[in-house]
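Chemist: Residue-level listing of the chains:
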Amino acid sequence: MHATIFGYIRAHSWRQQLLILALTLVSLPFFYLWVELPKRIVDDALGGPAGPREFWGLELSRLDYLFALCLLFLGLVLINGAFKYVINVYKGVVGERMLRRLRYELYQRILRFPPGHFRVMSQGQLVQMINAEVEPLGGFIGDAYALPAYQGGMLLTILAFMFVQNPLLGFAAILFYPLQIWLIPKLQRQVNELGRRRVRQMRVVAERIGETTSGVIDIRANAAQNYEQSRFADELGKVFFIRFAIFKKKFLIKFINNFLAQFAPFLFYSVGGYLVLQGELTIGAILAIIAAHEKLAAPWKELLTYYQNLWDARIKYEQVVAQFDPPGLLREIDAAAPADVGAPTLLQAKGLTVVDDDDETVVNAVEFDLELPAHVAVTGRPGGGQHALLQVAANLRAPLAGSLHLGDLDVAKLAPSATADHVAYVGNSGQVFAGSLRDNLLLGLKHKPPAGGKGSRTRQDVLEAKASGNSPFDGTADWVDYTAAGVADAKAIDAWLAEVATVVRLDQDLFALGLRGELGAAGAEALGPSLLEARRLVAERREADPKLARLIEGFDPERYNSNATVAENLLFGTPLDAAYELERLPENRFVLEVLAATGLDVRLRQAGYALAETMVELFADLPPDHEYYRQFSFIGPDDLPDYRALIGRITAAEVAKLKDGRDRRRLLALPLRLIPTRHRLGVIDPPLQAEILQARRRLRAHLPASERSKIAFFDPEAVNRAASVQDNILFGRIAYGQANAGQVVAALVGEIIDRLDLRAAIVTLGLGAPAGIGGVRLTAAQRQKVALGRALARRPSVLVLDDPLAPLDRTEQDRLQESLRAHMAGRTMLWAHQHPEWLAAFDRVIVMDGAAVVSVGPPPGAQAGAHEAA
Amino acid sequence: MTHNNEGAMNLNDDVQALKTIPLFAKVDAAKLKLLAFTSERLSYAEGDALFEAGDPADAAYIVMQGEADVLVRTPEGPVKVASVGQNDIVGEIGILCDVPRTATVRAASDLVTLRISKDGFFHLVTQFPEVGIEIMAELASRLHQTTQQLTELMRQRPPAR
Chain A
11 MHATIFGYIR
21 AHSWRQQLLI
31 LALTLVSLPF
41 FYLWVELPKR
51 IVDDALGGPA
61 GPREFWGLEL
71 SRLDYLFALC
81 LLFLGLVLIN
91 GAFKYVINVY
101 KGVVGERMLR
111 RLRYELYQRI
121 LRFPPGHFRV
131 MSQGQLVQMI
141 NAEVEPLGGF
151 IGDAYALPAY
161 QGGMLLTILA
171 FMFVQNPLLG
181 FAAILFYPLQ
191 IWLIPKLQRQ
201 VNELGRRRVR
211 QMRVVAERIG
221 ETTSGVIDIR
231 ANAAQNYEQS
241 RFADELGKVF
251 FIRFAIFKKK
261 FLIKFINNFL
271 AQFAPFLFYS
281 VGGYLVLQGE
291 LTIGAILAII
301 AAHEKLAAPW
311 KELLTYYQNL
321 WDARIKYEQV
331 VAQFDPPGLL
341 REIDAAAPAD
351 VGAPTLLQAK
361 GLTVVDDDDE
371 TVVNAVEFDL
381 ELPAHVAVTG
391 RPGGGQHALL
401 QVAANLRAPL
411 AGSLHLGDLD
421 VAKLAPSATA
431 DHVAYVGNSG
441 QVFAGSLRDN
451 LLLGLKHKPP
461 AGGKGSRTRQ
471 DVLEAKASGN
481 SPFDGTADWV
491 DYTAAGVADA
501 KAIDAWLAEV
511 ATVVRLDQDL
521 FALGLRGELG
531 AAGAEALGPS
541 LLEARRLVAE
551 RREADPKLAR
561 LIEGFDPERY
571 NSNATVAENL
581 LFGTPLDAAY
591 ELERLPENRF
601 VLEVLAATGL
611 DVRLRQAGYA
621 LAETMVELFA
631 DLPPDHEYYR
641 QFSFIGPDDL
651 PDYRALIGRI
661 TAAEVAKLKD
671 GRDRRRLLAL
681 PLRLIPTRHR
691 LGVIDPPLQA
701 EILQARRRLR
711 AHLPASERSK
721 IAFFDPEAVN
731 RAASVQDNIL
741 FGRIAYGQAN
751 AGQVVAALVG
761 EIIDRLDLRA
771 AIVTLGLGAP
781 AGIGGVRLTA
791 AQRQKVALGR
801 ALARRPSVLV
811 LDDPLAPLDR
821 TEQDRLQESL
831 RAHMAGRTML
841 WAHQHPEWLA
851 AFDRVIVMDG
861 AAVVSVGPPP
871 GAQAGAHEAA
Chain B
-4 MTHNNEGAMN
6 LNDDVQALKT
16 IPLFAKVDAA
26 KLKLLAFTSE
36 RLSYAEGDAL
46 FEAGDPADAA
56 YIVMQGEADV
66 LVRTPEGPVK
76 VASVGQNDIV
86 GEIGILCDVP
96 RTATVRAASD
106 LVTLRISKDG
116 FFHLVTQFPE
126 VGIEIMAELA
136 SRLHQTTQQL
146 TELMRQRPPA
156 R
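Sequence lines, in order, name chains A and B.
So the first sequence is numbered by our numbering: it starts at 11 and just counts up by one.
So the second sequence is numbered by our numbering: it starts at -4 and just counts up by one.
Keep in mind the hints are simulated off the structure, nothing from the lab.
Given the structure is predicted, the values throughout are model-derived calculations rather than measurements.
Warning: the hint list may mix true and false statements.
Said to hold, decoys possible - Here are the simulated EDC-like cross-link-like pairs (lysine to aspartate or glutamate), alpha carbons at most 16 Å apart as the crow flies:
#1 A/Lys464 - A/Asp517
#2 A/Lys259 - A/Asp322
#3 A/Lys501 - A/Asp488
#4 B/Lys14 - B/Glu129
#5 A/Lys720 - A/Glu591
#6 A/Lys458 - A/Asp420
#7 B/Lys113 - A/Glu637
#8 B/Lys26 - A/Asp631
#9 A/Lys557 - B/Asp43
#10 B/Lys21 - B/Glu125
#11 A/Lys557 - B/Glu41
#12 A/Lys260 - A/Glu342
#13 B/Lys28 - A/Glu591
#14 B/Lys75 - B/Asp93
#15 A/Lys259 - A/Glu203
#16 B/Lys26 - A/Asp488
#17 A/Lys423 - A/Asp491
#18 A/Lys476 - A/Glu106
#19 A/Lys557 - B/Glu47
#20 B/Lys28 - A/Asp379
#21 B/Lys26 - A/Glu627
#22 A/Lys360 - A/Asp379
#23 B/Lys26 - B/Asp8
#24 B/Lys21 - B/Asp50
#25 B/Lys28 - A/Glu578
#26 A/Lys456 - A/Asp418
#27 B/Lys113 - B/Glu41
#28 B/Lys113 - B/Asp43
#29 A/Lys260 - A/Asp322
#30 A/Lys720 - A/Glu550
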C-alpha cells in the first residue's frame, strides 16, 4: 500500500482526478458568464442609450434583447446546476470507489496478518478503523485535486485584479497570508495530534465495550460492575479532556484567522483613506479593492479548510495503513495454483528453525526425514514446539531458517492456494461461521474461484468491483469444487458430506438438528408423504402399546392437549406470522375478540392473577440475574416488580372488572405459556380446558381468510411446515413426567424413520440448519467436529491435526481417533496429541522437547520392521 | 384421559411430601415450593432404570412413591446392594463429586420421583447450609458403614500375600 494518501490517490484514481479537474475547468467560463450577465442586463439592456442591440450577430429591439439575456441567464442557471450535479456525483463516486478499495485492501490485509499480530490488534480496533476511521477519506479524495485547483485559480485571478488596481493595496491584502501559512499549520498540527490521541482513545473505549460484552457473565459473577463502570468512566473522561483541548485550539485558530482577515480592511481604510485624502487614489478604486477583497475571503477560507482536511486525511490514512502493515505479512492468496503438492512421498525438515509470536525459538534446527504416506504422531511435553512444527507444515507460519519439504517442494515457498489443494489443517478451536452447517462443511472446497457458475452479481456489480480493485469473483456464485470433493455435482455433495459427518461423528447431531429444526416449505414438499406415513405408523404403534400411548399425547381437534401450552391449545397450530406468536397473542385483535366472545378472557386473566401470585412468591428472594428466571419463570426479572405491584394494587376479585389495557395484557400473557403437566400449578382445570376448546373452535370458524394463512393449523392429514420433522411425525407432544419418555420416543421415531428410509433426507435437512453467528447455535464439540469435517470434505492427501480433539470428552476422543485413522488410511496424517496410549496405532512418532526433535521412529514398543511389513 | 389426570398432580402436594423428608425438615415451605417447581416429577414403571452405572451424573432423585433397587455390576451379574423407598434421596453423590454413576438404580415397583437437577441441588445447598450439613452427616454415616464392612471383610479374608 502507498505510504501517503496522495500516492494512493494518484496510483488508483489519477484518470478520474484529471476528469474532475477538466470538468471543473470547463465549468468555469459558464460560471463567469453567469456572474457577469446581471451586470450586462442592468448596464446594457436597461441602461445605456435607446435603440436596437446586437446579440450574437442578430439585431434585436431593446425589449427582445432584455428577454434574450434573461433567457440566457436562465439557461446558464441550468447549465451551472447541471455541471455542479455531475461534478458532485462524480466526485462522490470516485471517493466512494477509493473508500471501497481501501476497505477491501485493509480487509485483505487482515487475512494476511501474521498469527502474532492478532494479539496486538483487537477485533474492536480493526472494526473501528475499517468502518469509521477511513470514512472521511472518501469525501476528501473527491476534492483532493479539484478543490485547490479551482479555489486557487479564483484566488489568483482576484489577486491579479487587485494588483492591477493598486500594487500597494494588493500587497496589503495578502500581507498576512505568509503569517497564516506559517502559523495555522503549527496550531493545526497540535489539533491533529490531539485528534490522533482521540482516535486512539476511542479505540480503547471500543475495546472496553467489546471486552465487556463478551465477558459480561464474569463481570457479574465477580460483582465487578462498579469497578468496570468506573474504569469506563475514566476512559470517557480522557476522551472529554482531549476534546476540550481540541476545542480550545481549534477555535483559537478560527479567532486568529478572522482577525487577520479583517486586518486587511483596516489597512484599506487607513492607508487607502490616507492616500485618497492625499489625492493619490480615487474613492472608486478603494471601493473596488474592498469588494475584491471580500470576494477573496471565500476561496481563501475554502483553501484553509482544505488544508486542514488535508492534514486530517493524511494522518488518518498513514495511521491506519501503518497499523495494517505489520512485519511478516503473509503472501497474498493467488487465484491459480502454480505448483501441485499432489500426494507427497517424503516429509523432510532441514535445519528447520521457527520462532513464535514472542520471538522465542520454539523449533530449533530440526532435521528429520519421513517416508509418506504415514500416520505420524507428534508428541512430547506440551510447548515442545509441536504446534509450531505443524503450523509450518500447513503453511500457516513461515520458518525463520531452514525448510520443511513436502515431496520436493519447500512448503514455505508455496503459494497458499497450492497447499490448500492437498494439505488440510485443524487446530483445537475450530471457528464456525454464520450460515448453514453445509456452508461451513464446504468452506474448504471453496478456495478456487468459481469456474463458470453464475451468481447474483449484475453487470454493474462486476464493473464497479473492478473499478474499486475489489475481488473480480462473484461471492454469490457456487464456489464449491465438486471435483476436489470427488463428486459429480451439487446434487451429490450432500451424500459426501453425510459420509464425512459420520467419520467425525457429527451424523447424530445432524440427524437431531434435522429432526428438531423447522421443516420449511422445501422440506415439506420433499418429505410430505413420507412424514404422513411415519405419522400413521406412530399412531398405529400407540394404539397397539398402551405404555407408548402414555408417552405421547397426540393432537386431537376435539381434545385439550395437557402437554402443550395454552396458546398452542387455543390456536391449535403453529404461528407462521409474528402476530400469532406467544408474545404477541395478548394484543392480537382477532384472538382477543374470540376470547371476549366466549368469556374466556376473564377466566384466563384470573388464572394469570393466580400465576402471578405464585411466581412473585417463588422468585421473591432470587437476584435478578439468577439462572432460574430464564429456565423456569413465566416472568422476566425486569417485569417481576410490575407484577408484584399489580397484585398489590388489585385483588383477585377485581380482575374481572379490570379496565386498564396494559394490566389486562400482562395477566393474559402468563397463562398462555402454561403447560399443565410440566408446571403442575393446577391453574388450568378441566372446566377451563373445555372453555379453551370452545374458543379453539370459535377461532377456527371466525378467523378471516387473510388471517388464516398466518397459522399452520394442526391437521392430521397434512404436514405442518412451521413445525419440526419430529413434531410432524409424532403429531403430538412427548408427555412430561413420564420417565425416559424422551429416549423411548426418540427410539421409536428413529426406528420408523429407518423403516421408511428417511434418515439421509433428515440428515440433509440438518445440513441446512443455521450455525448462528460464530456458530453460537452449536456446542463447542459440534463446532470442532464441523472444523474436522470441512478438512476431510476436501479429501486432503496430508491432514495436519494440531490436537483438534482436546475440546471433546475422553471417550469421544478415543472413538474419533479410530474413525479418523481408518478414514485416512493410505494418506498422511501429522497429528499432535497428548495421548501416549494412542501412539502404538501410529506408523511413526516424532517426539519433541524443548524446541528439538528427540526421536523420530516407530512407536515405542513396536516391533522393528512392523511398519515396513504393513 | 390419562394425561389430564396427571396434570392435576399439584405442586402443593409435592411440597407436602418434601416437608416430611428429614433432609428438608429445616427448609421453609416457600423454598421447597421453588425446589418442587424447578424439579421434574417423573413416573416409572417397574423395571425402568432411573440411571445406569457409567451414565454421567446430572441429577439427584427423591423417591415420592414406591421403591427402587440399587444395583452394582459384578462379574457374576448385577447384585442388589441397597433398596430405597419413600422420602429417600438417591444419586446425590454423583453430582457432588462429578463422577459417572457408580451404580444402577431401577424401579422395584411403580415409582414416582422428583428429579432435582444438578443446578437445582447446588442452588438449594448454597441457599440452605443446613441441607448441606444434613447431607454431610448422611455421607459420613455411609462412609462409616462402608469402612466397617470393609474391615469386616479384611478380617474374614486375609491378604493373599
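Chemist: The structure should be examined with respect to each hint, and the outcome stated for every one.
Modeler: A quick look at each hint next to the structure:
1. Proximity of A/Lys464 to A/Asp517 is assessed by CA-CA distance (about 31 Å); at most 16 Å being required, the pair is judged violated.
2. With a CA separation close to 15 Å, the supplied pair A/Lys259 and A/Asp322 stays within the 16 Å bound.
3. Restraint check for A/Lys501 and A/Asp488: the C-alpha separation of about 13 Å stays at or below 16 Å, so the hint holds.
4. For the hint pairing B/Lys14 with B/Glu129, the CA-to-CA distance comes to about 14 Å; that is within 16 Å, so the pair holds.
5. Among the hinted pairs, A/Lys720 with A/Glu591 is consistent with the structure: their alpha-carbon atoms are about 10 Å apart, no more than 16 Å.
6. For the hint pairing A/Lys458 with A/Asp420, the CA-to-CA distance comes to about 22 Å; that exceeds 16 Å, so the pair is violated.
7. Annotation: proposed proximity of B/Lys113 to A/Glu637 holds, straight-line Cα distance about 13 Å (limit 16 Å).
8. Taken as a hint, the B/Lys26 and A/Asp631 pair is honoured in the structure, with Cα atoms around 9 Å apart against an allowance of 16 Å.
9. Proposed proximity of A/Lys557 and B/Asp43 is supported: the alpha carbons are some 12 Å apart, at most 16 Å.
10. Note on B/Lys21 and B/Glu125: the hinted pairing holds, with a Cα-Cα distance of about 7 Å set against a maximum of 16 Å.
11. Using a Cα cut-off of 16 Å, the hinted pair A/Lys557 and B/Glu41 holds, with the two alpha carbons roughly 12 Å apart.
12. The hinted pair formed by A/Lys260 and A/Glu342 fails the criterion: a straight-line CA distance of about 42 Å is larger than 16 Å.
13. A hinted pair counts as satisfied when its Cα atoms are at most 16 Å apart, and B/Lys28 with A/Glu591 does not qualify at roughly 30 Å.
14. Restraint check for B/Lys75 and B/Asp93: the C-alpha separation of about 23 Å exceeds 16 Å, so the hint is violated.
15. At most 16 Å may separate the alpha-carbon atoms for a hinted pair to count; A/Lys259 and A/Glu203 meet this at roughly 11 Å.
16. A distance of roughly 58 Å separates the Cα atoms of B/Lys26 and A/Asp488; the hinted pair therefore is violated under the 16 Å criterion.
17. The straight-line distance between the Cα atoms of A/Lys423 and A/Asp491 is roughly 24 Å, outside the 16 Å bound, and the hint therefore fails.
18. Our distance criterion of 16 Å between C-alpha atoms is met by A/Lys476 and A/Glu106, whose separation comes to about 13 Å.
19. About 21 Å separates the Cα atoms of A/Lys557 and B/Glu47, which puts this hinted pair outside 16 Å; it is violated.
20. Between the alpha carbons of B/Lys28 and A/Asp379 the distance comes to roughly 69 Å, so the proposed pair goes past 16 Å and is violated.
21. Pair hint B/Lys26 plus A/Glu627 holds up; C-alpha atoms about 9 Å apart against a cutoff of 16 Å.
22. Simply put, A/Lys360 and A/Asp379 have alpha-carbon atoms about 9 Å apart, close enough for the 16 Å limit, and the pair holds.
23. The suggested pairing of B/Lys26 with B/Asp8 holds, with an alpha-carbon distance near 14 Å, which does not exceed 16 Å.
24. With a CA separation close to 32 Å, the supplied pair B/Lys21 and B/Asp50 exceeds the 16 Å bound.
25. For the suggested pair B/Lys28 and A/Glu578, the alpha carbons sit about 27 Å apart, so the restraint of at most 16 Å is broken.
26. Of the pairs offered as hints, the one joining A/Lys456 and A/Asp418 is violated, with about 26 Å between alpha carbons and a cut-off of 16 Å exceeded.
27. As the CA atoms of B/Lys113 and B/Glu41 are separated by approximately 25 Å, the hinted pair breaks the 16 Å bound.
28. Proposed proximity of B/Lys113 and B/Asp43 is contradicted: the alpha carbons are some 21 Å apart, above 16 Å.
29. Only pairs whose Cα atoms come within 16 Å are accepted, and A/Lys260 paired with A/Asp322 is accepted, the gap being roughly 13 Å.
30. With a C-alpha separation of about 31 Å, the suggested pairing of A/Lys720 with A/Glu550 is violated against the 16 Å cut-off.
Going down the numbered hints, you'll see the structure goes against 1, 6, 12, 13, 14, 16, 17, 19, 20, 24, 25, 26, 27, 28, 30, while the others check out.
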